[in-house]
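Protein chains in written order, with the numbering used here: chain A, 4 to 415; chain B, 4 to 415; chain C, 4 to 415; chain D, 4 to 415.
Accuracy of the hints is not assured; some may be wrong.
Said to hold, decoys possible - Facing chain A, a subset of chain C residues (Cβ under 8 Å, in silico):
| id | residue |
| --- | --- |
| 1 | Met70 |
| 2 | Val144 |
| 3 | Cys155 |
| 4 | Ile279 |
| 5 | Asn280 |
| 6 | Arg283 |
| 7 | Asp321 |
| 8 | Gly322 |
| 9 | Asp326 |
| 10 | Ile375 |
| 11 | Asp397 |
To be clear, the hints were calculated from the coordinates, so they are not data collected in a lab.
If you're wondering where the values come from, they're calculated on a predicted model, not measured in any experiment.
Positions of the beta carbon are idealized from the N, C-alpha and C atoms, including for glycine.
Protein chains: 4
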Amino acid sequence: MAVTESVELRGHIIDSGMLSRLLDDVLDLDSDYVIERFDVGKRPEDESYARVVVTAPDEATLFSLVMRLQSHGANLVDPGEALLRTVDKDGVFPEDFYSTTNLDTQVRIGGHWVDVESPEMDCGLVVTGEAEHARVRTVPVSDVRAGDRVVCGSRGVKVLVPPKDASGESVFEFMNSVVSSEKPQALQVRQVADQMRAVKAAGRTVLWVAGPAVVHTGATPAFSALIAAGYVDVLFAGNALATHDIESALFGTSLGVDLSKGSGVEHGHEHHIRAINRVRAAGSIANAVATGVLTSGVMHDMVKAGKPFVLVGSVRDDGPLPDVYTDVIEGQRAMRAELPGVGFAIMVATMLHAIATGNILPASVPLVCVDINPATVTKLSDRGSAQATGIVTDIGLFLEQLAQELTGYHRA
Amino acid sequence: MAVTESVELRGHIIDSGMLSRLLDDVLDLDSDYVIERFDVGKRPEDESYARVVVTAPDEATLFSLVMRLQSHGANLVDPGEALLRTVDKDGVFPEDFYSTTNLDTQVRIGGHWVDVESPEMDCGLVVTGEAEHARVRTVPVSDVRAGDRVVCGSRGVKVLVPPKDASGESVFEFMNSVVSSEKPQALQVRQVADQMRAVKAAGRTVLWVAGPAVVHTGATPAFSALIAAGYVDVLFAGNALATHDIESALFGTSLGVDLSKGSGVEHGHEHHIRAINRVRAAGSIANAVATGVLTSGVMHDMVKAGKPFVLVGSVRDDGPLPDVYTDVIEGQRAMRAELPGVGFAIMVATMLHAIATGNILPASVPLVCVDINPATVTKLSDRGSAQATGIVTDIGLFLEQLAQELTGYHRA
Amino acid sequence: MAVTESVELRGHIIDSGMLSRLLDDVLDLDSDYVIERFDVGKRPEDESYARVVVTAPDEATLFSLVMRLQSHGANLVDPGEALLRTVDKDGVFPEDFYSTTNLDTQVRIGGHWVDVESPEMDCGLVVTGEAEHARVRTVPVSDVRAGDRVVCGSRGVKVLVPPKDASGESVFEFMNSVVSSEKPQALQVRQVADQMRAVKAAGRTVLWVAGPAVVHTGATPAFSALIAAGYVDVLFAGNALATHDIESALFGTSLGVDLSKGSGVEHGHEHHIRAINRVRAAGSIANAVATGVLTSGVMHDMVKAGKPFVLVGSVRDDGPLPDVYTDVIEGQRAMRAELPGVGFAIMVATMLHAIATGNILPASVPLVCVDINPATVTKLSDRGSAQATGIVTDIGLFLEQLAQELTGYHRA
Amino acid sequence: MAVTESVELRGHIIDSGMLSRLLDDVLDLDSDYVIERFDVGKRPEDESYARVVVTAPDEATLFSLVMRLQSHGANLVDPGEALLRTVDKDGVFPEDFYSTTNLDTQVRIGGHWVDVESPEMDCGLVVTGEAEHARVRTVPVSDVRAGDRVVCGSRGVKVLVPPKDASGESVFEFMNSVVSSEKPQALQVRQVADQMRAVKAAGRTVLWVAGPAVVHTGATPAFSALIAAGYVDVLFAGNALATHDIESALFGTSLGVDLSKGSGVEHGHEHHIRAINRVRAAGSIANAVATGVLTSGVMHDMVKAGKPFVLVGSVRDDGPLPDVYTDVIEGQRAMRAELPGVGFAIMVATMLHAIATGNILPASVPLVCVDINPATVTKLSDRGSAQATGIVTDIGLFLEQLAQELTGYHRA
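Pulled out of the complex, with its shape left as it was, chain A reads as follows (with noise of 0.2 Å):
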């Protein structure tokens, strides 16, 4: 049964963000608002004062949302006295206790408002004395004891969140990070599998940009198998990635260090040089697969498909391989021109490729990028790509899953 309360809150409430928060915060609890008054703030030095009507499905739900709404500076229009309740066990809450934030805040106690004494968060509120002579300590849940009254629920009180500081000249920077390794990953495996669907259903194309990543990680058979599948439509990759399928093509099963066993990779480096020597001879990557010296892997399984790659190099390439720009402006060029249609971008274990591709993609073109590092996701949208959405996670794990999902692969 939904019930309601009246909130309220006045400042730099729109350019400090705080209103904008508070609406945002009701809509995640799965509540709903309506602004019932808005007096704004002309210039920069005036305050605007807004009153919200915010609607929750139950109880609990708008206990919940209120102290949360509090910590964004909102409280209660008609805040009542606060309710309080002993506590029956050392070290026990009662169950509705009102869990504390770490910014000032005040209690009425018999129509007075009392501040909160050491404010700190997730505690209790514990209130010895009456009236004008309560006091109110925040006291942990491991050193509240029997017999100690304790603020319940969220009526009678109220919290006092700072101004923002107007200077806009510190240094500093308040922190707010949601790129994150600690997301439900399946999830998003699942997600981005949707989304590909979705757009190959509406007749757009896939585009992905890859790193090397893709082949030491040993996800190159999952990888094969979105190819054959058609969720690969274009690649966008560099040098190494092409250099490394080919020469683990090549050379993958001959010399005992091979990937396979899973060691190796530090050694026998002269192996990129000879694969990329032997497609030289070969005259291009096509040519290596007309003229069955290259016979597997991502790049002769993209030409198999008739699927279109762009390889652009870059100053540490050896080589390189036929098939690469070595002129950076001519390879932008070259990117450009296999937008038009694209749908859906993905990139994966790369940062140069994809800070370029985000360079020259429009903002209306979703885009997800997946690495195993937080900072490669962060640069990307540092760099003007705020569609990108980030999934920090592990590459071979990531590919095998979305195979699975996507087609049905299993590893053998």
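Fit chains B, C and D to the given chain A structure using the hints.
Okay, now just chains B, C and D, sitting in the frame of chain A:
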């Protein structure tokens, strides 16, 4: 000479944060605003509308400001016609060319709004044809040719910002990174120094929370200079900082694996357990100082200066030192007891004790977290210490520079 | 058909590790060796000398092996003359070209050792002139021209390895990274599964040490499958894992911020303290299970399976749960008491408790550390657990794959 | 007074690296050795045997050295009997107690070798019973009690090192980290300064490879001081460093988002493309300096000092500046042309150009890589530049300190 423009924006401009970012940007560019009209959307599904008059100190700033506001979804109330200039030289734009975003964009040519083809950021806009037959393409600077007509200034350009996805169901999140090592570090040192001076001048105290890297990076002399100058009023740490500090004081020069040579941190590992044993024999760190067992280092200097420290143990500790609280809840109580009077907290090279301190610190106490690893700084903020400000830098050099700034310290 | 060469090396070949690397490489390439002669340098200043006959399964391997041994300072006892072939096509080397290192190198031409000019790795060697008038240059594959004479095979080439710096005074250290996310992850999962099966078959137990990311990454169902199948005999953790697991079990679906939607990890933070409070009211986790308060999750499953767990607190804990050891030394004792019978230890997504366990574990127990952050894995080894082996990967996907491998588990 | 012991080791002591680590440790502790006997295992399956006499400067060092050698598998030729001392005080070991490893260990009591129960590192050894009835347990310092008999010194103790796994099939690898931010940074700065002075004194040149963080961290003035003092003979970089440097010089103070306030790096992003456009209009960086367009910054100072620079582009570049090589293979050739005469190379805050330079640099040129991210340093070495030495630190503070050390520079 101040110049003025009217911009408007409509949509979910409050809950999406569009309006707050717009006002922020205005102030950021030394400009001013008046909100002329504000129609608030009362319910989640309603659109809002705002018209804002912005005043910039000069034309160049106004031009830059309007372009930036456009990327947040605000457009000129009276856009006028696009100004076109002809390119003089291959590969060079006119000086005041319009620099694109990757958002959908329209340009007003002969009274008609023309869609920009293939949006791409950091390009210019080349116009061919006239009025309703005009076409507008994005062109990178390398590809513009003499004779091309290019949009200049910000008039006659409209940016279409995609509406925020209202579902909130996305498993992805938009990225916005503000913790970065790419900030001017010397300024950050100076600002911390200024804050410390101000706190001391106000009669309040400075709390340090420190990890063992203070010792490993050779910063002990710099830290001692800060203690001597009165900038370390309270120290929270674990067994490791105190142990490595005392190990260095007791064995630093005896066995050829000393810090002054910079090697051997890995080796000689039994020294730390011997150092612990000696202080256990003395009964306490203070006794070890009093009896002449311990004659230098951070812990020695704190004892000599009569400054309190709280050492709280963790499950990975060897020993521990006799002063270490082995019960973590008792340790928390001891830390709480030292908080009154603290006006500034600084955490260096520690995650566990930084979070523990963040947990019990009021939000009103400014808090700086210094670490070479951005993840530590991020984690602190994620756990609720929103007032935390982060500096990603090298601890050893940071402490040297801070001591230099505050005390005139110079490394011998 | 096995083929053979004699190589020799001289200098500080023992203390520099040259000889051990050489023998390692021989075995790594499925080859064999006999040490024909070994003159040991008896004192630090003496040089040693070794002559080793290596036997490879075929010519291609022998060629590759000799090139690699040269980069460690070994050269052919009988180098012979360099074999020169003429280039057919611009930009393409002969198939068996000698691929360079960046070390000083000499080539034997007409009985004369000629210095290679400007050593550079991954190039070919182009020879001009004859005998004592010959010159040898490094040339990258892109710059070789038809008609150039290029050194092929490994005969007639000598690599000069710089002597190890004997001073040991260097503040720098040579780098050698072996913890990397660029490994085939699927193989690593399978190998862990094999080890666990072997340990169980031998009647010994599997110890898990786990951090809260097991819950955050959505891996609880996979972990529960491992418990059900008997692969989790003992669990060491902190307050955080148990709290987040129980919070998820108690509140996971009630307030719209659930894990199944993938958002809200940051929000709703008071839930964890409420979860703790409820278990404190029940008296213990086992009581919470017995009284029906707790009906799912990792801690519930451990209780139901009758498997022991040890939770040891830290200074940053809220609450804590009643089962948590707040005294870390008592916690260490409780952990030690569970070690007898342990045949394999696996640490996932935890640094503090992983190091704590590493501290008390005999070196004879194999130990795998799984984390998305390479630093965690490195730190464990730096602190003395040399038997630790590291897997840098995503915890959620890792546990899913491991459960799939061991129990046939599939995500619903 | 020098003291001496004989130790022996047997097994695969060469290919496992045991012997080389042993000799290393001896020298590391200012001690000396003579190899008295060495029986080499001629084939992979044969064991070797070595007897080494070690000489230490004093008893304490010898004690420490023998304990360390034991952890590498060497034991005393004549172990003698264990020395037992009685504990005086709860929780305190005798001063010279034997500090354990986590390896299997035996103690000689009354002529019998007794196995140590439950090996654990950093403990003492408590003995109960006598001779063949004796038991030896590991006891942490917190748990030892007055009256316990504890093994002291290193006589009568034997450590059993597990044989190296001969299979070589393991997908895991042993970990050994040497890149760490926990090093004394001030010493590292000084050592780089010393190397640069020595190189200049020898008439050779210093090559810098630099990334844009040099500008972002506010280090431009420090870098300029190094240019002015002649310590920057050649500069390799990409479009980004030069662009951000020139952007800062052209727009640094004009729009309120300047570096001197420390904010705004994220904002005002169109400045970089305007800066590029202006230099394109001038024709080259040198022309921009000559015509007064560019009057300060790193690129300006290089031009004024007449020092060469090579800028090589990448696929993510905007523009680029007219001086940038857009063809990466031509860029490599231009870099190679600047290598003659280089005696020292330093790479700061760049991965792409650092690896590119590492690829073409002879191993005989010392190479230092400075970055706040340990992964950059590691990657360089993984790709073959084994001579690279790494410093993990903040670029801004590092350059300030280096300029201070070399030129007396002080930040204004």
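Hints and how they fare:
Given the 8 Å rule on beta carbons, the hint for Met70 of chain C holds: about 6 Å separates it from the nearest Cβ of chain A. Look at Val144 of chain C: its Cβ gets to within about 6 Å of chain A, closer than 8 Å, so that hint holds up. The restraint placing Cys155 of chain C at the interface with chain A is violated, with a minimum CB-CB distance near 12 Å, outside the 8 Å limit. With 8 Å as the threshold, the beta carbon of Ile279 of chain C comes within range of chain A, its nearest partner Cβ sitting at about 6 Å, so the hint holds.
With a least beta-carbon distance of about 5 Å to chain A, the hint placing Asn280 of chain C at the interface is held under the 8 Å criterion. At a threshold of 8 Å, the smallest CB-CB gap from Arg283 of chain C to chain A is about 5 Å, leaving the interface hint in force. At about 5 Å, the closest approach between the beta carbon of Asp321 of chain C and any beta carbon in chain A falls short of 8 Å, and the interface hint on this residue holds. Given the 8 Å rule on beta carbons, the hint for Gly322 of chain C holds: about 6 Å separates it from the nearest Cβ of chain A.
For the restraint placing Asp326 of chain C at the interface with chain A, the shortest Cβ-Cβ distance is roughly 13 Å, beyond the 8 Å limit, so the hint is violated. A cut of 8 Å between beta carbons decides the hint on Ile375 of chain C: the least distance to chain A is about 5 Å, and the hint holds. At about 4 Å, the closest approach between the beta carbon of Asp397 of chain C and any beta carbon in chain A falls short of 8 Å, and the interface hint on this residue holds.
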